[in-house]
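Peer 1: Starting from the structure of chain A, add chain B where the hints point.
Line by line, the protein sequences are chains A and B.
Quick note on numbering: the first sequence equals residues 1 to 489 in the numbering used here.
Quick note on numbering: the second sequence equals residues 490 to 1105 in the numbering used here.
Note that these hints are calculated values from the structure, not bench results.
Fair warning: this is a prediction, and the values are worked out from it, not measured in the lab.
Do not take every clue at face value.
[Said to hold, decoys possible] Some chain A residues well away from chain B (every beta-carbon gap over 12 Å; in silico): (1) T22; (2) A26; (3) A53; (4) I137; (5) G222; (6) F361; (7) V435.
[Stated by the list, open to error] Cβ-to-Cβ under 8 Å is the rule here; a few derived chain A residues that face chain B: (8) L169; (9) F232; (10) F272; (11) S275; (12) K277; (13) V292; (14) A296; (15) S475; (16) V477; (17) F480.
[Said to hold, decoys possible] 20 Å max Cα-Cα, derived EDC-like pairs, lysine to aspartate or glutamate: (18) K483/A x E327/A; (19) K405/A x D562/B; (20) K483/A x D792/B; (21) K648/B x D850/B; (22) K357/A x E104/A; (23) K157/A x E104/A.
For every residue, glycine included, the Cβ atom is placed at its ideal position computed from N, Cα and C.
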Amino acid sequence: MPTSFIPTAADLLRLSPDIVLTAGGALMMVIEPLTGAARKARMAAIAVLLIAAAMALSVMAYSDPGTSFSGMLVVDGFSTFFRILVYGCGLLTVLMSVDYFKRERGSESGEYYALIVFSLVGQSLMASANELVLLFIGLEISSIAGYIMAGYLRDDKRNNESALKYFLLGSFATAFMLYGVAWIYGLTGSTNLDTVRRAILGGAMEQSGQMLMIATALMFVGFAFKISAAPFHVWAPDVYQGAPAPVAAFLSAGAKAAAFAMLVRVAASAFFPLSAKWEMLLWATALATMIVGNFAALRQSNIKRMLAYSSVAHAGYILVAVTAHSEVGIAAVMFYLASYVLMTIGVFAVVTLVASKGERFVEIDDFSGLVQRQPMLAIALTIFLFSLIGIPLTGGFFAKFYVFKAALDSNLTWLTILGLLNSAAAAFYYLRVLVVMYMKPAAEGAGPVDPAGIGIKAAIVASAVGTLYLGVYPSAVLDFAGKAAQLVK
Amino acid sequence: MHQLWLIPAFPLIGFLINGIAGRRMSKTAVNVAAIGSVLLSFLWVLKVLAGLGSLEDAYIERYFTWIQSGIVDVSFDFAVDRLSAVMLLVVTGIGLLIHIYATGYMSHEGGYYRFFAYMNLFMFFMLTLVLAANFLVLFVGWEGVGLCSYLLIGFYFHKKSAGDAGKKAFVVNRIGDFGFSLAMFLILVTFGSLDFARVFEKVGPMAVEHQAGVITLICLLLLVGATGKSAQLPLYVWLPDAMEGPTPVSALIHAATMVTAGVYMVARSAPLFNHAPIALEVVAIVGLLTAVMAATIGLTQYDIKKVFAYSTVSQLGYMFLGLGVGAYDAGIFHVMTHAFFKALLFLGAGSVIHALAGEQDLRMMGGLRKKIPVTFLTLFCAAIAIAGVPPFSGFMSKDAILLAAHHHHPWMYWVGVVTAGMTAFYVFRAIFMCFFGTYRGTAHPHESPLSMTGPLAVLALLSLGGGYLDVPHYLAPMFGGEHAPHETSLVVISVLAGAAGILLALLFYVIKPGLADALSRLAGKLYTLIYNKYFVDELYDAVIVHPTRDGSRALLWKGFDLGIIDGVVNGAGSLARTIGGGLRHMQSGYIRRYAAWVVVGAIVLLAAAAGMGGAR
Chain A
1 MPTSFIPTAA DLLRLSPDIV LTAGGALMMV IEPLTGAARK ARMAAIAVLL
51 IAAAMALSVM AYSDPGTSFS GMLVVDGFST FFRILVYGCG LLTVLMSVDY
101 FKRERGSESG EYYALIVFSL VGQSLMASAN ELVLLFIGLE ISSIAGYIMA
151 GYLRDDKRNN ESALKYFLLG SFATAFMLYG VAWIYGLTGS TNLDTVRRAI
201 LGGAMEQSGQ MLMIATALMF VGFAFKISAA PFHVWAPDVY QGAPAPVAAF
251 LSAGAKAAAF AMLVRVAASA FFPLSAKWEM LLWATALATM IVGNFAALRQ
301 SNIKRMLAYS SVAHAGYILV AVTAHSEVGI AAVMFYLASY VLMTIGVFAV
351 VTLVASKGER FVEIDDFSGL VQRQPMLAIA LTIFLFSLIG IPLTGGFFAK
401 FYVFKAALDS NLTWLTILGL LNSAAAAFYY LRVLVVMYMK PAAEGAGPVD
451 PAGIGIKAAI VASAVGTLYL GVYPSAVLDF AGKAAQLVK
Chain B
490 MHQLWLIPAF PLIGFLINGI AGRRMSKTAV NVAAIGSVLL SFLWVLKVLA
540 GLGSLEDAYI ERYFTWIQSG IVDVSFDFAV DRLSAVMLLV VTGIGLLIHI
590 YATGYMSHEG GYYRFFAYMN LFMFFMLTLV LAANFLVLFV GWEGVGLCSY
640 LLIGFYFHKK SAGDAGKKAF VVNRIGDFGF SLAMFLILVT FGSLDFARVF
690 EKVGPMAVEH QAGVITLICL LLLVGATGKS AQLPLYVWLP DAMEGPTPVS
740 ALIHAATMVT AGVYMVARSA PLFNHAPIAL EVVAIVGLLT AVMAATIGLT
790 QYDIKKVFAY STVSQLGYMF LGLGVGAYDA GIFHVMTHAF FKALLFLGAG
840 SVIHALAGEQ DLRMMGGLRK KIPVTFLTLF CAAIAIAGVP PFSGFMSKDA
890 ILLAAHHHHP WMYWVGVVTA GMTAFYVFRA IFMCFFGTYR GTAHPHESPL
940 SMTGPLAVLA LLSLGGGYLD VPHYLAPMFG GEHAPHETSL VVISVLAGAA
990 GILLALLFYV IKPGLADALS RLAGKLYTLI YNKYFVDELY DAVIVHPTRD
1040 GSRALLWKGF DLGIIDGVVN GAGSLARTIG GGLRHMQSGY IRRYAAWVVV
1090 GAIVLLAAAA GMGGAR
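Next up, chain A with everything else stripped away, as it sits in the complex:
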């Protein structure tokens, strides 16, 4: 038992990003009704400042890594990497949302930014929790904010459908996970990841191997739902298509990154002794996810839906690296998510702009002639699509390269081959957008794209620069990921 319940300074510093975001988000909720309609734009600025502060604090906290609150929370390279990643994702989402709500509803709305901030608290906890219950709480905080965001334009039928589906199915799947956590507690007497690992090594495996596998499988259902692995991905296309475009970006980038952080940490710490037994299951899930994502994407005509399937497929690639269950594999997961977040946010930002008021133009054919209508936007979209395909000089290339390299290092030859074939097939549906954009004349009805606001411009430029940076000079991020991967155990 801990000797004192009074948190130390180090405890607080390690939790400080979450404290700041929680307090700040609550404050935003309080002052939102008191802010005049004309001043609501300030809420976005406050959110940006809060997120920036959280980033700075998580960097500071990393100067003194370790656990806090009796081992509930851990600050190490891995958690810091994902904290920064989800904060960055939140920041870009805030930037791209600024004009969106003005366009859609004629007014800014403060709660939206508070919800992003809350969701980031949850994601940050998912990345740094060292304990299954805290992990679950983080997941719920993140998800509940996400459910509301998905239905934020409550007058819009599509939003409502999206939110309801996301909520019902999400709750259903997390129930599995919670049940799994309960099993683990029953089998090992703890929910702390380190203790669970010791218990498994110390004999729980021999006594109740089958029960352990079932418990982890129950938890995996919850994880698989959040990362949209097949066949638990069924919600993703409907939810992404219906949700406001910036929210779809946030859910498919940040929420997925945090869910992967959670999956990798659990798999690499508490349940690492079970890796060999899990390899076949992960192998099959990864393959199924890649195939379902890519082949379903081939048939889509709505770009948001296509991107939803594409995000399923990318989850499959990342699962390939998870299957490798090695340090190289973890580093590959981290690098992949970094580049994935950038290109996903970027591509959704472009979609947000092209879609115009009421998201009218979200068919792939609506992108025809974009290069004449908005050359800079077309170039940015080209960069993101190249990265999604995995063409060199973009982050997506090295991301795939390291994932498949990790798989080969772990002797997953067949999975690598099948994965490469998949990524070749994937090129088709991304290229289709490029073809439409460059080769087809603009449709008669397609009006000029609305002029972009400064926020969304900044988000697009930042994502494009980041994507190219990772593609030209991957070493810095990869070195950090490689070092952080060693700390997971």
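Peer 2: Positioned in the frame of chain A, the structure of chain B alone reads:
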């Protein structure tokens, strides 16, 4: 830190400005961005070199690890030593002059901003090439200049011949680049690094390969790369066609800088070549053959730019001869002086063409001496420089090479001397046909603006006096080796050969104008052979291009592509669509159906997990 990276960064910024916003900018603004960036780069070179002093050892700046994977560990590094210092000055200095000239020359052309954007991009890549501290960074620049060359040759892309010439240059260079890539792989495997300093350190203690071995192979593959870029036998065929590009491009890329990249690369790899005397011998012979062959073709051409293009090929051959006989310093010296007088010849030719509103045929010129006097005077300076008239720059560098060649093998000297005579002849033939006699054309010649004549004048001074920049002594410590003794008799012979060439040209084209035609009729078939450039293009067409194309069409396109690839692709496509169509049934839109999928998935997973857990 001397911030070497700024040297290429300036032209890159110029490229970005003109490339992105040039369309909407005024010509003046385009000029400022284009010339300003090269000027800043030139000034920065001067500042860096002044700061580095005598440069006894290479000065290296390491920026970051670029690629790291297995044994491949390449950093992005720049370095300056005496060799690259000379090249930097030539590239930025001549580049600056040509950029200024181009503002006048291109003033009436469409795509003005595009032209300067490409030119700046070329400067960026060329400077990257020169500053590179390892083979891969050099290769980046190498490929980049090739790309810019392609873009600029085809600048008048609406002209089919220009587009074809661009493609030809690109394809031929690809062959060379393939050799270069293989050389790099072999270097990486043999030495475990691509870094110049590390490779040369490791090759140092290795034995000199008197019989062909791995180093010889590396050097020969490097030479293949160099023959492509520097237009040597057998890959020279693209350069004469490259004259389809605007004349400033011919001057900058296809005379003064890019084509000397191969010479630079071989000189850079001198420690490797010194361990492979066989390869070095091949370099010398390739150079010599190219020099002779191109000079003979130059004797017969009527397009003023073609004459100078073959002259460039021939002079590049001299440089390779210099390298091959171990006189790397003389070779680089000739790179520099050649940059002066050949840039001047091209710019002067451009000025003539500009004055005659696009006429390039020597037979339609004549008597222009009085009409465009500045162009005439400056071109004349270039001509006496290239003809080897002492004490001007061409004499200095060519004699250094010829003396070294004599020291190596006397017969090489004699062939070189004969070539020198031909060089003097064809250059003065062009000068006399253009400026003497009576005007045979119909246009109204006018002198070019100051922005064009100014650079001509500067280059004229450099062509005359540039030989006194004692590059060989500056470079000698880098390459070591013995130096050929100075033999006055040999010098006199080569000067006499040059003088003979000039006098013959005077006789044929000024004193007795009918004589040349009579002689060419007398030579009959030989003349036809040479006039048609030995039918090399036709030979390549018949032996390589047509079989490749026809074979590709029959076998690869109709057989493999249409039959197998398309079959597989279409099959895979319809299969993929079928799978995708099937997957759509998963997506009914009903929440209860989705929940059912979750349950099914969970059951399968749990069953499998339980099975796994049971298996010990």
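Peer 1: Mind verifying the non-interface call on V435/A? Its CB should be farther than 12 Å from each CB in chain B.
Peer 2: holds (15 Å)
Peer 1: Beyond 12 Å on every Cβ pair: is that true for F361/A relative to chain B?
Peer 2: The assertion about F361/A holds, with a minimum of 22 Å to chain B.
Peer 1: Checking hints one by one. Is K277/A an interface residue toward chain B, by the C-beta closer than 8 Å rule?
Peer 2: holds (5 Å)
Peer 1: Is the shortest C-beta separation between F232/A and chain B less than 8 Å?
Peer 2: Check passed: Cβ of F232/A comes within 5 Å of chain B, closer than 8 Å.
Peer 1: Against chain B, with CB atoms and a cut of 8 Å, does the hint on F480/A hold up?
Peer 2: With a closest approach of 13 Å, the F480/A hint is violated.
Peer 1: Does K157/A pair with E104/A here, judged by a C-alpha cut-off of 20 Å?
Peer 2: Given that 20 Å is the threshold and the Cα spacing comes to 14 Å, the pair holds.
Peer 1: Is K483/A close enough to E327/A, meaning Cα to Cα at most 20 Å?
Peer 2: Judged against 20 Å, a Cα distance of about 9 Å means the pair holds.
Peer 1: Can the hint on S475/A be confirmed by a CB-to-CB distance to chain B that is less than 8 Å?
Peer 2: Hint on S475/A: holds, closest Cβ of chain B at ~5 Å, below 8 Å.
Peer 1: Classify the hint on V477/A as holds or violated, based on whether any CB of chain B lies nearer than 8 Å to its CB.
Peer 2: violated (12 Å)
Peer 1: Taking 8 Å as the limit, does the beta-carbon of F272/A come near enough to a beta-carbon in chain B?
Peer 2: violated (15 Å)
Peer 1: Can A296/A be said to touch chain B, with a Cβ gap under 8 Å?
Peer 2: holds (4 Å)
Peer 1: Holds or violated: K357/A with E104/A, Cα cutoff 20 Å?
Peer 2: Judged against 20 Å, a Cα distance of about 6 Å means the pair holds.
The earlier numbered hints that this structure contradicts are 5, 10, 11, 16, 17 and 20.
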